[in-house]
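Trainee: Sequence:
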Amino acid sequence: MRQAKVLVIGAGALGNEILKNCALLGIGNVLVADMDVIENSNLSRSVLFRAADSGAPKAETACRGARGIYPEMNIHPFNGNIVHDLGLGVYLWADVIIGGLDNREARVAMNSGAFFARKPWIDGAIEVLDGVARVFSPADDGPCYECTMSATDWKMLENRRSCALLTREQMLSGKVPTTPTTASIVAGIEMQEATKIIHGIAPMAGRALIYNGLNADSYPVTYQRKEDCYGHETYQELLLLGCGVADLTVGELLVRARQDLGSESAVIGLARDVISHLSCPVCFSQEEVFKSLGKVTEADAVCPDCGKTRVPVTFTTLGLDDQLDGVRFSELGVPLFDIVTARTGERSISYVFDGDAARLLGPLPTRLSLMDSPPEGGE
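Be aware that the sequence shown starts at 139, since it is given in the numbering used here, and climbs by one per residue.
Heads up, a few of these hints could be off.
Said to hold, decoys possible - Cβ-Cβ distance ranges computed for the label pairs, FRET-style:
| no. | residue 1 | residue 2 | range |
| --- | --- | --- | --- |
| 1 | 458 | 175 | 37 to 45 Å |
| 2 | 440 | 356 | 18 to 26 Å |
| 3 | 175 | 460 | 41 to 49 Å |
I should point out that these hints are in silico values taken from the structure, not numbers from a laboratory. All values reported here derive from a predicted model rather than from experimental measurement. Beta carbons: idealized from backbone N, C-alpha and C, even for Gly.
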């Protein structure tokens, strides 16, 4: 347990209970990711927060609270959006990933990262007196989170994504009430499954435990794998670049990738949408942006010429032309410790910007927990 590396995403009611349990169980290394700050409404259901913490980042405060329980815990916060700001390398780093999330978009991103890295992850959700804990494990060729989503779930997610530039108020809308008692129960189940994974004991992979607090009962659910589900995508080959996103240009990596793949037609795929420009549908003006979609706000989209809302034009593929060859990956909004994938035909190589690991992980050990051992620097 002391050597384990755990990624906890979400530091709200569930995340607080998960981190409390991590501390009590003696988990040695924990990265905590959350983008929010503490509000007064959080104080009644979050064991690690105090009244004086109002307005402080949740991730930092939760880390401090967990360290107060277990002073030897090596724990570090990540204050950012896990969809747009958290590099995929953290999923390669972690032994197990535990979620305390409250929206589908973040769960889909977490599921994609975990399955890409071939790591098990544990999801939890609570609503008033009800809750669910479930485990998804790529190693068992079982279902992923996306396999469990209905057509209605996808419709709601697409409606959210179609409004690409959301205000903070819109992003926080639709939140549901929670209680500290249900959070404690669900987080306890999540942490129990994580402990089993760390000790090499088979978890309830592909299954969920549904808790009904009103009737004080629970029951298991088994999910079915959808073979055509995009959520199962993983890497074919993995290479550690030994540098960060600010150290390499698009053109330099394209040259490297085309040599590695033996094809001049190879292109590089990004893990996130990048805005190339904002286009006004009224006055037809355009502005080059080249930022991650998650970094552009609703205010940024207002046309300076006519005041109307501009439409973001995005891309995820590099190498179709040489326009961006001299641009560094950091300038495209690619986050620290991220992974990009070069492809030609049916073959692909995923490149890890592991040179950023220490900057993102802080005092945590930077050694990756890989299913196999890729060569560093491609050697």
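Trainee: So, for every hint listed, does it hold in this structure?
Mentor: Checked hints:
no. : hint                  : result
1   : 458 - 175: 37 to 45 Å : 40 Å, holds
2   : 440 - 356: 18 to 26 Å : 49 Å, violated
3   : 175 - 460: 41 to 49 Å : 42 Å, holds
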